[in-house]
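Engineer: Put together the whole structure using the sequences plus the hints.
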Amino acid sequence: MLQLECPVCGVLADETELVPGGEAHLQRAGPDSTDDAFADYLFTRANPRGVHFERWCHVYGCGKWFHAARDTATLEVFGTYSAQTTAPPDDIVAAIRARRPEWEGPA
Amino acid sequence: MAEAMTALGGAATEGAIRVAEAPPTGMIALRADLSTRAVGKAVKEATGIALPRALRIETAKDRSVAWMAPDEVLVFCPWEKAAGLAADLSEGLGDTPHLVADMSSARALIDLSGPGWREVLAKGTPVDLAPGAFGPGDFRRTRLGQVAVAIWASGPERAHLICFRSVAGFVFDWLSMAAARDSLPGLWR
Amino acid sequence: MSTRLATGGTRIDRSQRLGFTWDGQPLQGFAGDTLASALLANNQVLVGRSFKYHRPRGVVAAGPEEPNALVGLGTGGSFEPNARATTTALADGMLVASQNAWPGLAHDVGVVNGWLSRFLRAGFYYKTFLWPRAFWKRLYEPAIRRAAGLGRAPDRADADRYEYLYLHADVLVAGGGIAGLAAAREAAQAGLRVLLIEQEACWGGRAATDGVTVDGKPAADWVAGTVAELQAMETVTLRLRTTVTGVHDHGFVTALEAADAGPRQRLWRIRARHIVAATGAIERPLPFAQNDRPGVMLAGAVRDYAVHYAVSPGDRTVVVTNNDDAYRTAIALREAGLTVPAILDARLRVEGALPERARAMGIPIKPGHAVAGSVGRGRVEGVAVCVQAGEGAVLETIPCEAVAMSGGWSPTVHLWSQAGGKLRWDAAQLLFRPDPARPPIGADGAAIVTAAGAANGVLPAGDCLEDGVAAGRAAAKALGAKPQTGKAATAAAPEEAPIEAVWCMPQGAPPALRDKIWLDFQNDVTMSDVALAAREGYESVEHAKRYTTLGMATDQGKLSNIGGLAVLAEARGATIPEIGTTTFRPPFTPVTLGAIGGEARGALFKPTRKTAMDGWHDANGAVWEPVADWRRPFCYRKPGETVDQAVAREVRNTRRNLGILDASTLGKILVTGPDAGRFVDTLYTNRMSTLKPGRCRYGLMCNENGFLFDDGVVARIDDHSFLCHTTSGGSDHVHAWMEEWLQTEWWDWQVYTANLTEQFAQIAVVGPQARAVLEALGGIDLSADALPFMGWTEGTLAGIPARVFRISFSGELSFEIAVPAAHGQALWDRLMAAGAAHAIAPYGTEALHIMRAEKGFIMIGDETDGTVTPQDLGLDWAVSKKKDDFLGKRAQARADLTRPDRWRLVGLQTLDPRTRLPDGAHAVDGTVLPTGIRRTIGRVTSTYMSPTLDRSIALGLVERGPERIGEVIRFADGRGHIEARIVDPVFYDPQGERQNG
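Protein chains in written order, with the numbering used here: chain A, 707 to 813; chain B, 2 to 190; chain C, 16 to 1012.
Hint data in this document are derived by calculation from the structure and do not stem from the laboratory. Where a beta carbon is used, it is the ideal one built from N, C-alpha and C, also for glycine. Please note that a few of the clues may not be correct.
As the list claims (entries may be wrong) - Label-pair ranges, simulated between beta-carbon atoms:
| hint | chain 1 | residue 1 | chain 2 | residue 2 | range |
| --- | --- | --- | --- | --- | --- |
| 1 | C | His748 | B | Gly49 | 52 to 60 Å |
| 2 | A | Thr740 | C | Trp892 | 25 to 33 Å |
| 3 | C | Thr500 | B | Gly49 | 52 to 60 Å |
| 4 | A | Gly756 | B | Ala61 | 50 to 58 Å |
| 5 | A | Asn753 | C | Asp934 | 50 to 58 Å |
| 6 | C | Lys897 | A | Glu721 | 41 to 49 Å |
| 7 | C | Gly39 | A | Asn753 | 57 to 65 Å |
| 8 | C | Asp934 | A | Arg805 | 52 to 60 Å |
| 9 | A | Gly716 | C | Glu510 | 31 to 39 Å |
| 10 | B | Gly49 | C | Asp1004 | 37 to 45 Å |
| 11 | B | Ala84 | C | Ala801 | 21 to 29 Å |
| 12 | A | Gly716 | C | Ser30 | 51 to 59 Å |
Structural biologist: This is how it looks when you write it as structure tokens:
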């Protein structure tokens, strides 16, 4: 059972106070997208063993979405950050590199 | 106008602590960007209370302002003043984007009295309720068992809880069970 | 016989006698006894039967590792099967029953299994009952199920209460022996919040029993002083009789408390920033023939029973060992005035402080000797002695009542391993111990568990305390606190000579003996079974475990683990560390389902949402129906009415006169802000921004897959605000959906939302007399001119502030009135009073559904199932062609969603009007697919007897349905077919004149 710090309100929230929202930083494919791009947006998800970026919502709390960078195998949390971003911010990337020098970087 | 009926009709039970529904209470939801000066000013003017910091509730006279989210506070006031206060808040905010809604009927307010309130709530919420970790003025939205609630303390022997009206009966029954005599775990002296 | 000694017993209070019954026989024990010690004190050596062969079994251990002494406790609603007698505190009046024996413990007919034991070898289930296949279900399985199994399941609801407790700590110390106490003290002195949990009823672990001294004084003094010191600290919580059952992710720890008052058990859900596992060690049995005979016990357990509970296992106890620790048992027994005829030590060289002391007490020591087998009928009457180096030739038989065996100790590494910590093999001590280089890690990637004392592989009692101090300081340091640095207390105990490996006794035991060397007492797994598994290719430890069931019983192999690994290693010609251990998974000891359920049972099982008028409905004949988390009246039954009659009456009355519906559960979400129009245009498939204040419009919401998931009426409140009504089940989801898009995709849009569902009670007033009754209440002009269809207004109705929406889900003249929930009942009462003159009657959800189906209105969840588009439902008119974008637009252009042969909404009329189509029935076209399955061309989504039309009606989705109006198709109903004609979905008032009043 995970514990993630909600970057919005600062609460170190229990997993039971959160709902997961799947992979982070997906780009919405709108009405003009090709079939392939749209199918990717709907169905294709990264499922890495290791560094992963996820969306979480602090539903039993401030009600806000946020992002989390964590390792899916060891459950280490590299950091949580604002949902209002389209890519992991520099400090998060640096925190990951500090502990995972071999990491290839955000997709 | 007809008399206001609270969710539980003022139900109360006495066990290891006293659990009692509060009389009808005005509650106004205000959503706006709390970091803007205009919002703090409007709240202060309408309620006499400065905006609380995150995870806090501030009280002055018959009003309180609770921090719900970076863009939301819940204002408590006497029941009969809610409509007027909501209008004042909205007027004070003027063109600043905001949402003001009288939510006085939407929630039940339950008072917990007695030194055992921490242990009663600790049976259902993952919040750290140890005396040094959660004190008067701290305000947390969380869950109690399977239900969303917000809890806060107003003194060493007094805490409060709000939940949605439709589940007030469930929460009251839950608290009655958790507050049964001789059932406190004896954690905190 | 095993008896109570006249004096002694550090844990019992002889002034408090407790009566209990064992299989109906009244017995007595003392306060402080465990159930096991009380049974032994009453000479109840036979306590159960094994799982497979129903062999007689006695108490082996004194703690949670006990494999045999599982009993049924209590009766009726308080009955608990598989309770472990060694960890159950004796209570006055306790009802205890033996398990797994029929008709009785002493004469068990199942023991016939024993004669067949040569056929019941490893993998026997898999091999024997394969053929003929048909026999499995009728013959083999029932027979096996009758013979096998442990306690019986309770047949009544649990009468006890359970609860959770959430607690946070900087440092959780699991285990209150000297290592745990020392660790807790160090962490607490560094200013940290400490939680110290001990599974037993007293502190100090083995130290006091094993003659440890601390700073020259008996360990008990240091334990008492340290506990007092910890109890005086505000930041320390201590708890006895609580077992840490699991260490999970991010410092989440579960513990099970046997509560003294209130609930029977309390499941602690702890968040610890660091965990010290000071869980001690578990003694290993020795592998000799007939080591499962009642009376053969672990040496440490014999000592515990003698010292703690003043229980004599019998006048004569033979000690058999491969290490020095077992000598403590011989010494303790002699000090209690009992006889130890011999200590059989498998080691050739026996020297050291403890053996010397035993020798000085006159106890005969036989180095290099071993047990060739225990002898006796039902229980131990003697041991056959042989040399360890040989093949089991019996030199003599020593008469005795008990055998105390010790094969060394294994650190209790469960918590460390559960959390992901790795182990290393300590070849000198012959044990797996935590590898500090590969600890379990927490969210920050740093070690989150520190093992301490015996659990860390530090067995010598003198070193345990020091290791606990180090662990406490390490934990404090890991959390950034400043631990003390000075010298801590020093513990001392006699030096011990090294253990020697004995994985088979005697080392050359022939197959006849190995067949009778038990590794797993509960599951009846012998040394031969494990060797056979290895020969048959089950070489991986995980495979061998499952093939033989070694370690799969409720003790989870706490005793059998290492012994089994050693046999596998021998069979494979490998070393024990090469074999490795099986995976340690929580829980450490069994957790009752009651504790896992906690308070969520009975009325508190799940929250039921209730509206402001719920009490009125309940008092007026409501037959309840769950709708999402709400309960809503399905109908209101009058005396003498059936449910069907009530529903039909409600429909007719509403269509003819006046109906009233509690519609409070409908979702009501306020969307406001400068960008609100743009936002609702994106959420709904049709255009909402063009709606004028005061007007309402029906709207559909689709997900990004293009499928319809919610619908409802949107009311424009003012320039910046929309009130979005959702389905009853959908309000929370729709609100969350809105917030998700606003927070994560269009965060620059100026929009705020609020879920007002709970704020308002909503009452639908429906039927030809609807306007008349509202006018009687007075306060708002509700004439057709002032409030046309699909309009809304606000004012004061009957003195209550109200919004009135003129919308209709029934096809009748209809007003929905929203008032603050605090006034909902008052408005309802006034409507009922004023409506009496117009034959007003409440109606429930079934009448609502029938009336909407008569009008061909879809219902989310009936006509939709997550794969249905608005276009499938003939709702193209509510899907904008002009908007650039809305959620679901792109998907609705996908090839599969524009296929012409999609199943689409139609009405269905059975040819026989008295026959109602079954809900969900499939339409078949008579062809059969290559898979052998009949091809389906549609299904029924809603089906009712219509009181209005006095015939059955149904809605369904049918392939190319709207193109096939008039066609008759066939629906399978399980027996045969029902024929129905495809018709327009609007069955009633197709021109829509009635809603205009």
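Engineer: Compare the structure with each hint and give your call.
Structural biologist: Going through the hints against the structure:
1. Checked against the given bound of 52 to 60 Å, the beta carbons of histidine 748(C) and glycine 49(B), roughly 38 Å apart, lie outside it.
2. For threonine 740(A) and tryptophan 892(C), the hinted distance range of 25 to 33 Å is satisfied, since their beta carbons lie about 29 Å from each other.
3. At about 53 Å, the CB distance of threonine 500(C) to glycine 49(B) agrees with the hint of 52 to 60 Å.
4. Checked against the hint of 50 to 58 Å, the pair glycine 756(A) and alanine 61(B) passes, with Cβ atoms roughly 52 Å apart.
5. In this structure the hint that asparagine 753(A) and aspartate 934(C) lie 50 to 58 Å apart at CB is violated, the actual value being about 38 Å.
6. For lysine 897(C) paired with glutamate 721(A), a C-beta distance near 44 Å keeps the hint of 41 to 49 Å intact.
7. Taking 57 to 65 Å as the suggested C-beta distance range, the pair glycine 39(C) and asparagine 753(A) conforms, at roughly 59 Å.
8. For the pair aspartate 934(C) and arginine 805(A), the beta carbons lie near 56 Å from each other, so the given range of 52 to 60 Å is met.
9. Distance hint check: the CB atoms of glycine 716(A) and glutamate 510(C) are about 54 Å apart, inconsistent with the given range 31 to 39 Å.
10. Checked against the hint of 37 to 45 Å, the C-beta distance between glycine 49(B) and aspartate 1004(C) comes to roughly 57 Å, which is inconsistent with it.
11. The given range of 21 to 29 Å is respected by alanine 84(B) and alanine 801(C), whose C-beta atoms sit roughly 24 Å from each other.
12. Taken as a hint, the range 51 to 59 Å holds for the pair glycine 716(A) and serine 30(C), whose Cβ atoms sit roughly 56 Å apart.
In summary, the structure is inconsistent with hints 1, 5, 9, 10 from the numbered list given earlier, while agreeing with the others.
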